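Asks: Chains F and V, in that order, are what the protein sequence lines are. Here the first sequence is numbered in the numbering used here, starting from 1 and rising by one per residue. Here the second sequence is numbered in the numbering used here, starting from 1 and rising by one per residue.
Careful: at least some of the hints might be erroneous.
Now the in silico label distances, taken between C-beta atoms and shown as ranges [what the hints assert, rightly or not]:
| id | chain 1 | residue 1 | chain 2 | residue 2 | range |
| --- | --- | --- | --- | --- | --- |
| 1 | V | D34 | F | E464 | 27 to 37 angstroms |
| 2 | F | E512 | V | R30 | 24 to 34 angstroms |
| 3 | F | M261 | V | D34 | 24 to 34 angstroms |
| 4 | V | A60 | F | S449 | 54 to 64 angstroms |
| 5 | V | R30 | F | R246 | 31 to 41 angstroms |
Here are a few chain F residues that face chain V, going by a calculated C-beta distance under 10 angstroms [unchecked claim]:
| id | residue |
| --- | --- |
| 6 | P228 |
| 7 | A230 |
| 8 | P286 |
| 9 | R287 |
| 10 | H288 |
| 11 | S475 |
| 12 | R476 |
| 13 | L478 |
Calculated from the structure, these hints are not laboratory results. These numbers come from a predicted model, not from an experiment. Using N, Cα and C, we set each Cβ at its ideal position, and we do this for glycine too.
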Amino acid sequence: MKAAERAPEACAFRCGGKQLSYAELDAASDRLSRFLVKQGVVRGDRIGVFMPRCVETVVAVYGILKAGAIFVPIDPNLSAGSVATLVNDCEIKVLLTQPPRARVLSRLVELETTLECLIGTPEDFETPSSIKSFQWHACESESTGLPDVGVINPGDPAYIMYSSGSTGTPKGITHTHYSGLSYSRLSIETYNVSSDDVIANHSPISFDMSTFGYFTSMLAGATTVLVPEAHTKFPASLARLIEKERITIWYSVPLALVQLMLRTELPSFDMSSIRWVKYGGEPFAPRHLCALMKLWPHARFSNVYGPAEVNQCTYYHIPPSYADGGDEPVPIGRVWNESAGLVINDSDEVLLNGKPGELVISSPTMMQGYWARPDRNANAFFEYASEGVSRTYYRTGDLVQRRDDGNLMFLGRKDRQVKIRGYRIELDEVERALSGLPEIEEAGVFCVSTDDEKQIHSAVIPEEGALITAEEIKSRLLSVLSPYAVPTVIQVVDQLPRTVSGKIDRTTLTKETEQAIG
Amino acid sequence: MNVPPRNLTTTLLEFIKNDLAADKDISDLRPDDDLLEGSIVDSLGIMRLITFIEKEFGFAVPSEDVVIENFLTVSAIVEYLTPKLAESNND
């Protein structure tokens with residue numbers, strides 16, 4: 001909250017017509033923290049944030065931290081049952097929410113959970129006697145100033161982010177004040193963030209990409225515009241918002257940008273304020289990326305890489321010349337400051353000379369571990385000593401290869417490497433080959449297990465107006481892939497299932513196909 | 001096709017309740033309920049809703065009209081569509 005002292009009147013956050021100056025945010029989060037302490041919250045308690053993108057969510061985040069507690073963002077679109085799973089996993093007693101969630105909340109309070117208190121419910125909201133319920137304005141009568149919760153240490157947990165759930169049971173990725181602050185510091189350095197910047201936060205708070213908009217921006221004294229959920233569903237409205245807010249730094253998954261290009265008259269909007277476009281989460285199809293770079297020549301473009309467990313760990317600033325060239329995949333780049341990366345093989349031996357292997361990362365932005373999962377934590381890390389100094393590395397599960405120029409190339413997920421009839425196949429490589437065809441807009445490739453064999457399947461969305469059959473796609477693939485890597489089944493579809501963060505949901509694709517095959 | 005506004009409202013409500021958000025238990029959905037913030041319709045849902053409108057009423061929704069104010073509630077969709085359908089009917 002140093003920025004609140006430097007420029008108290010500067011706007012910290014804006015969202016859908018509401019805004020909070022640094023001073024207002026400081027005062028409102030003080031009040032909330034005092035109210036939480038009054039409700040019996042003590043240091044280290046986990047508090048759920050089941051809220052949409054709105055300025056109150058920012059008050060919730062900083063109010064919880066000031067109370068010495070740990071905030072747990074929960075995707076506001078989850079069902080009552082899924083919310084209950086997260087609540088019980090880290091034993092949340094207090095949940096902060098907003099009135100539009102009432103439908104789900106009424107079901108949630110009927111379930112068996114550790115909940116004792118809801119803050120932000122509508123007037124007359126009914127709860128069982130074991131759960132207290134308050135409206136949001138209940139905390140407004142508290143005074144300002146920090147509550148007395150003792151000294152908060154850098155190593156204390158600050159937030160728990162649950163993995164998006166595309167792979168089995170969600171795991172609580174636990175970050176500390178130190179790892180969160182390190183991320184803010186390093187991202188300010190990497191992207192020259194200053195108090196003149198207006199950052200667009202497109203990600204839901206339950207997704208690690210939101211830490212740039214919620215944390216980095218605060219440390220830099222910049223303004224963050226929280227993109228309301230409605231705008232993420234309407235590219236034309238989103239384009240208008242970027243223009244009107246004079247956004248200087250954009251950060252999202254590629255999908256949001258691709259939709260802006262395909263579903264709006266993008267050249268008709270004045271986007272001259274954008275100085276940096278950062279994308280992450282998954283690869284950007286090179287031809288869409290080139291088209292956008294040509295459309296916005298005044299902006300720098302960067303690929304951001306890092307699993308939520310380390311937040312971010314590599315960066316790649318794309319040279320402007322890429323716009324004219326390329327169909328080459330974009331590197332994930334180099335490991336950023338104060339961090340180290342190694343490429344290892346299945347026997348945990350460090351590989352040199354550009355051999356492909358798993359990337360392991362040691363960075364001050366690294367998580368403390370998974371919440372209450374000693375089994376997982378035992379396998380998540382890798383110890384390695386170099387020049388007498390031992391460091392702890394996180395195993396990313398991502399396969400990479402170091403190019404001659406030192407940049408890392410992403411090859412695929414380790415668990416997306418399958419063996420079929422003795423051949424080793426990278427599903428991500430097949431996916432890249434498919435989406436590289438000019439008639440294909442997007443493709444999901446997945447492995448389906450039937451009773452007696454494994455098969456590669458794929459679902460593809462054709463470019464608008466493109467006429468191409470599955471057979472034609474297969475014959476085109478044969479010119480770029482080995483025959484055994486060409487999918488057995490190619491479905492041409494209108495839409496692909498997606499995870500909360502906008503990535504293609506390959507787990508759902510696999511499950512649905514396996515069920516259909518029986 | 002000439003669809004009176006009341007039928008338009010009913011047709012859209014039925015489609016959203018029984019098809020688009022069939023898993024959401026929203027049998028009490030009203031024309032003025034916010035479809036976007038209450039997470040009733042997601043981004044894929046918007047695309048399906050537009051496809052439905054185009055098939056059902058034979059009117060192609062131009063991309064510049066696919067904005068929040070035209071799709072916030074069922075009433076908003078009806079207000080947007082009514083003059084458009086009348087226009088395409090007179091062509």
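Asks: Have a go at the F/R476 hint: is there a Cβ in chain V nearer than 10 angstroms to its own Cβ?
Replies: This hint is violated: F/R476 lies away from chain V, its Cβ roughly 27 angstroms from the closest one there, beyond 10 angstroms.
Asks: Does the nearest C-beta of chain V fall within a distance shorter than 10 angstroms of the C-beta of F/R287?
Replies: This interface hint is violated because 20 angstroms lies over the 10 angstroms limit.
Asks: Does F/P286 pass the interface hint, meaning its C-beta sits closer than 10 angstroms to a C-beta of chain V?
Replies: With a closest approach of 24 angstroms, the F/P286 hint is violated.
Asks: Please check whether F/S475 passes as an interface residue: C-beta within 10 angstroms of a C-beta belonging to chain V.
Replies: Violated. Min distance 30 angstroms.
Asks: Take a look at whether the Cβ-Cβ distance between V/R30 and F/R246 falls inside 31 to 41 angstroms.
Replies: 37 angstroms, holds
Asks: Next item in the hint list is F/L478. Is there a CB on chain V closer than 10 angstroms to its CB?
Replies: Cβ of F/L478 sits 32 angstroms from chain V, so the hint is violated.
Asks: Does the beta carbon distance between F/M261 and V/D34 stay inside 24 to 34 angstroms, or does it fall outside?
Replies: 28 angstroms, holds
Asks: May I ask you to test the interface hint for F/P228 with respect to chain V, counting a Cβ-Cβ separation under 10 angstroms as satisfied?
Replies: With a closest approach of 8 angstroms, the F/P228 hint holds.
Asks: Quick check: does the Cβ-Cβ distance between V/D34 and F/E464 fall within 27 to 37 angstroms?
Replies: At 30 angstroms between Cβs, range holds.
Asks: Determine whether the Cβ-Cβ distance between V/A60 and F/S449 falls within the hinted range of 54 to 64 angstroms.
Replies: With Cβ atoms ~42 angstroms apart, the hint is violated.
Asks: With chain V as the partner, please determine if F/A230 meets the hint condition of a C-beta pair closer than 10 angstroms.
Replies: 4 angstroms, holds
Asks: Can we keep the F/H288 interface hint, with Cβ of chain V closer than 10 angstroms?
Replies: F/H288 check fails; min Cβ-Cβ to chain V is 17 angstroms, beyond 10 angstroms.
In this structure, the earlier hints numbered 4, 8, 9, 10, 11, 12 and 13 are contradicted, and the remaining ones agree with it.
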